[in-house]
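Single-letter residue listing:
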Amino acid sequence: MLRTALVLVLVGDVGACACAQVFPEEREGLETLLGQIETSLTTQTPPLWSLFSPLGSLAIAGKGDGSYTVVRRDNLRHNPDASAAFALPAGTAATFRVFESARELTTGRAILEGPGNEHWLAAFTALPDGPGGAYRLTALCIFPADQLLPAEAARDAVMVVKEWERVVREGQMTDLRRYLYPEPFLSIMGKGGMELFLYVDPEHYLTMARYAIEVGRPEISEMSEIHAVTNGTITVVTGKWKAPNVVFGLGDYRFTAFLVKSAKAWKVAGMFMGTQTQY
Amino acid sequence: MTFLLLAAALGLAGIQTAALENGNVLALERFGAGAPGGWLVSGENYAWDAETGTGQLGPGAGCIRFGEAGTVELASPARRLDDGKPYTLLLWFRGEPAGAQVSVSLHDNETRHTLAFEKTAAATQNWQQLRMTQALPEAVKGCYYLRLAAKGANTTLWLDGLWLGVTEPQPPADWQPDWHSASVALAPEEPWGVVAGAAPLRYQARVAGVTARGAQLKTRVVSTTGECAEQPAIPLDAAGTWSSICEIHGDIANRFGMFRVEAAVVDESGKPLSPMTETLLARAPDPFPAPFRDSYFGIHVKLIAPDLEAMSRLGYKWLRIHDASGITKWGMIEPEPGQWIWHDDEVALAHEKGFCILGMLDSAPPWESGAEEQGYFSIYSAPKDPEKWRNYVQKVVEHYKGAIDDWEVWNEPWNPIGFFKGGNPQLYTELLKIAYTETKAINPNAVVIGLDTWPPYWDAMTLAAGAYDYYDVLSFHRYDPSMHGYPNDPIDRIAKRLRNAQEQYGQPKPLMFSEGGPDVTIFHGSFFSFAEPVLTGDWSWCADQYARMYLTTIASDVQRFFAYSVHNYTHHGYSTHMIVEPGPLLRPLHLTLAALAHFVDGADYVERLLPDHDISAHVFAQSHDRPYAKGPSTVVVLHANGLDPEPLPQAIPEGVACYDRWGNPAALPTEAVRSPVYLVATGDAATALMSALATNNPVPQP
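If you read the protein sequences in the order shown, they are chains H and C.
Following our numbering from start to finish, the first sequence increments by one per residue and tops out at 293.
Following our numbering from start to finish, the second sequence increments by one per residue and tops out at 706.
Some hints could be false.
Non-contacting residues of chain H with respect to chain C, defined by C-beta distances greater than 10 Å in every case (computed) [to be verified]:
| # | residue |
| --- | --- |
| 1 | P145 |
| 2 | V229 |
| 3 | G253 |
Calculated pairs, DSSO-like style, for lysine-lysine (alpha carbon to alpha carbon, straight line, at most 30 Å) [stated by the list, open to error]:
| # | chain 1 | residue 1 | chain 2 | residue 2 |
| --- | --- | --- | --- | --- |
| 4 | C | K444 | C | K425 |
| 5 | C | K392 | C | K444 |
| 6 | C | K89 | C | K275 |
| 7 | H | K256 | H | K77 |
| 8 | H | K77 | H | K254 |
| 9 | C | K500 | H | K254 |
| 10 | H | K254 | H | K281 |
| 11 | C | K500 | H | K278 |
| 12 | H | K254 | H | K176 |
| 13 | H | K278 | H | K254 |
| 14 | H | K256 | C | K425 |
| 15 | C | K500 | C | K405 |
| 16 | C | K425 | C | K500 |
| 17 | C | K89 | H | K281 |
| 18 | H | K256 | C | K437 |
These are calculated hints, taken from the structure and not from any lab test.
Small disclaimer: the values here were computed from a predicted structure and weren't measured.
Beta carbons are placed, not taken as given, at the ideal position from N, Cα and C, and that holds for glycine.
So that you can see chain C by itself, here it is in the shape it has in the complex:
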């Protein structure tokens, strides 16, 4: 029954599912093709291939060759399982020479605690089956993930037949499930699966195992626009391994947004010979040309080529160092007194990919701060000696002068139990003063960003301590999954509060939203078919929320927003601030962001119109040639302020082009909805559009 429900949930039209009473809840059954989408794979000194020779279940086992001290670890996507029911876990394996170790365990997704099926076994030269049956203990949110790890030295390990499912009543000791004869794995050809503009959407499909006469790879594509398209079936060889670069065909391939590619091997009657597997692809509208210092769009990302390339295609133009790379943090670049570590290649790579860099003057090495804490927070104690801090600032600003000219002073100093242990507003202000003075002396063109506030007390107390004269831009953080974008929303209120707070000391300085986002995974959404809403939320909601968070930053006259973060990858479903799927693959919210960046980056924010009290029309003046308009154009981002659709009081005039939240051409709207849409007009049509959207009921300022 579980399997049938699972099959229905996966909804792979046209591909029949096996009539097993109790099926495998895991998409990774046979290992020859590799790991299915959503599985987190990590390890060192190993190579994973398909075994074409006959194995315990026929050709198509996974063959893992370990070098010196090789390791490989897999974590399944988190799935809802029935606690209290008896599950059986099966795994075939063997090693040559013997000795490789294989470990399995089932974990509570929320706590990561091991709950069941904890076992480690040594591989012998003969196939053996790890077999356990156990009633599952309760998990916090009812969701679990499976961990499978192996290690060995100069040995080869064969894995096959991974199976987890309800077995009720207890099966006989020699019971074996109805194994699939093949496996499929899909992987995008492009970094993170994303292309920009009209580039083809390609992925690699790998098939391993026995494929019956007349077998085909049957594939369909589902998009975030709601379309679904069967792709031409691909005939497969009779047996062994097969691999090919495939391209998505048909109208669906031309859409902007995200795409889920689902595939399974079927025989000539349509019976599945493999579990269904999937991957995620994305098409973003062409981003505004980089580099672009005035961009609104920032992100935290690792300084490696695929990640930078993917973020660049999405339209992010700035990156903030913080813990995504840490390359300017004192605690990381002077691990011993006088031993400096520079990262010129990574900085050059970021520039090559078109990014501007917000450096961090932050942290202190434990040898200086005296911190005894180990691990991540070991560098986040306040420095003891201001002169050593001064020396660090001089060194790093001088070294990266011309490459990094924007410096934020400390990350979340308002948190004295986390990022600024032993600190206080007075000490922060002293460090800020030193950082500002030295930075400006070395690099007069540098921009110093200060305060990095969240709670009101922090900006009030640092300003009172004399901070005002020692920054060019005031930064703040906010994690908030609310549907932003309405007048006087929280971001707007924060901006007003911070301007008011500065007015006591002088002219309010520009603001920067240097870290934040919708918060953890449940506010991100996932486009995998198996995503559990209780873990990953509603992707459609999250896609609107993310774009509107950037939009309200712009509307609140805040320079830019750096979302946190895409620099680390955990297993699918784990609650984390990382806005990324394992692979790494994207989540839909990056594509609504890409559309917003496509339309408004390079444009000036003019005003918010309120055609109805509960509708916002954000007006941008775009002076650059863009794919949607040659020459100057007016871009309006239209959305309902709240969650419900609101009828537009006047029709949108002819001559205005409309695009959906992904950037696809769309019909002119008659109502504003939660999802932002983009209205583009030039000349007389722009004038008519402004008239149709004119404010009826201005919102009073608080």
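One chain only, chain H, in its complex shape:
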């Protein structure tokens, strides 16, 4: 697939201009992280696990045959097979990239181009909790991009994400149970002042979310600017979500969801939300 076509797939019709912009100092930190990801995937130095935050982590690697590996930082650290699933050919480098700010819970997507003109998509979320305030990954998802499917193929995965919109509005958080990937799972919700809520267990996530909705069910739950990229077994969905809630924050969120197809059903392995406006 041509790089320009990939760019369109990556950012959608709305283009990068519609995404939340990052400050120059954030961009610098994110470029540094992206560079580390490049060298780690191609040379295993630094080891990929070391780029992840220990607070919670999720790493997804897709292969050309549609299979995938889903692991945590600890697996990457101690299981060579797990880390090998993320290896890319030497010389692979990021070309187009887009960063979106949701306060300090930042997301990014990039096209990685290999020496044989093959391509991968990399999507990630990151927190500035590393040494010196460096960004570290909370989630990373890479998969081959040369056989990406058209947007309609992501419809079912997007519908799963849209379930969040519905259940929050209706106060039925437990309806999400069937859509959550059991392990590994990671959800981070950033509210004002980056007082993060972080869940590594889907039952924990559901329990807290249900409580939050009970205390202050949002009158509004609207997703917009939804964009999805899929290879048929992995889908990355990004968008904007207006769902003011007393417990988690009264702002507008940007979200990134990582879904994998498991037993013919889409499951959310990672859900990341951060506020852009907060009061």
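For chain H, the structure is supplied; the task is to place chain C on it using the hints.
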């Protein structure tokens, strides 16, 4: 098969389980000994004894004598059952005189809705068996609990043979399970099963029913440290009832942490004659002497002796009134105009147990607020008349002057649909101003705690409305099961936000984390063997999380934290903010809290060292004599910032003592892990320890 799986899950080594194809999923089968651990028992005007005479299943039935309008209700622990499969419920009962009513029902643990086996029957003078077979409807989380209730007036009710299990294929009409001939119940001797320091761990064991020749009570103890110890078998009488105070023996008895005592009656060949039953005990390290106003550790607890005693042994030093007792809330102490209810005895009892009290200036009686809502929230509408609020403040502060000198103004006023209906930041600020002015006029030594914020808008708007001048300490709430304790974690961020918010108006005032915790049951953990992780979570995780939540409060320079709560008891497995098992019995997280309190209460927080970017070493200067060090000592609480173990860059030097998360002596660590450990050193060893843990990569402040 279910029974075999259950037996395997219970893991009672050395006690054989009956070879029933379909077994009883309930530990309460015969009623003579009482209710097994994990069952919630409540009621009025009743006495529960063992029937030593022959009954339908032999000696050992339960004999319940009701007085006037007597009631008793039991709720089983929540258990995972197979929906869609046919279950049979059996219960033998009779009454004398006839007339007592017996009700059973099986409920969805999540919703409490009745799903199956709903039946009420009147007891006759002859034994009758309640018998129902039904396929179970689906429960939200696949977990169910059984409710058994009985009531009567001046009558005696005999209960026996409670059985619930899969019966597939459908059993014949006259089918009876292979009943156990005996029952066992265990109960701690001490309040909530907790002792402090070196006190013996004791429990009462009761056995009822036929016990075959050579029968023994076989017991083992499992601890949160991972140890398991068989206890000497106790020979039992041939029949009838038996009761004894037992003590845990062996090295395991000296550990700090929690203990599960498991017991069953077995015959001389080891065949079980009773279901296995269990109870929970705990040993906490000696708490810092009470009272201690500067303590970091607070809790919400009922003002009754056993509960206060148990919390005191764990090291909690402060209690916050709120709805644990409500004894200072306007809506509860002036139910009619001018009719004041004072609770001097409860306040005195709390002091006697060493507690300092955070009183609440809170709520309004419906006669004043005009609230029409009934029940719990009827008192949480904003008052209409500020002068009546002023009068209430004057009355309560004056009455408890010298006994309660710390007053928080309103609970969660930021919640206009819950605790402050009809309120807003401006009204709150007006009430706060009145409360502060009147409290200080009556009791100049009093401390007024204000704002009680959660969402940022609340502190911003109340401060903008002029609140800054009318509190001494700013309070906030947070429920958050995250693994806290890392630099810039959510509690730390909140503290920074609230200091920043105040800076516009003056010098930031001290902060108090006046309510919160890991949230509901799934974040608590349970040490019962039958606990379902989907309901009660991972006790080990929860034990680390709870201690680290208090720890980060201290590290964030917040005065203290009041966990919510231990003041109410529901059936095991029900999702609730109550950090307690029925009994009441403890959950392991209170014991990691006890260890933290043991080591750091009375000590000053000095700094956080970061020997590696992902490791925190919280340094405390302890100036008091403590069991772990005579004279001044350095205490370091060490943990990995995240979830994964992280190697320590330098070895911990010799001469440093290490204790595990429960307070037990441990080997010096080579890595930091999720669980906090305690490093104690004095003199040169303390200096060497600081050097070994010196910060390598400081974390930038946001």
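Evaluated hints:
no.	hint	in the structure
1	P145	violated (4 Å)
2	V229	violated (7 Å)
3	G253	holds (24 Å)
4	K444(C) <-> K425(C)	holds (27 Å)
5	K392(C) <-> K444(C)	holds (18 Å)
6	K89(C) <-> K275(C)	holds (29 Å)
7	K256(H) <-> K77(H)	violated (34 Å)
8	K77(H) <-> K254(H)	holds (29 Å)
9	K500(C) <-> K254(H)	holds (28 Å)
10	K254(H) <-> K281(H)	holds (20 Å)
11	K500(C) <-> K278(H)	violated (46 Å)
12	K254(H) <-> K176(H)	holds (11 Å)
13	K278(H) <-> K254(H)	holds (27 Å)
14	K256(H) <-> K425(C)	holds (25 Å)
15	K500(C) <-> K405(C)	violated (33 Å)
16	K425(C) <-> K500(C)	holds (29 Å)
17	K89(C) <-> K281(H)	holds (28 Å)
18	K256(H) <-> K437(C)	violated (36 Å)
Checked against the numbered hints given earlier, the structure breaks hints 1, 2, 7, 11, 15, 18 and satisfies all the rest.
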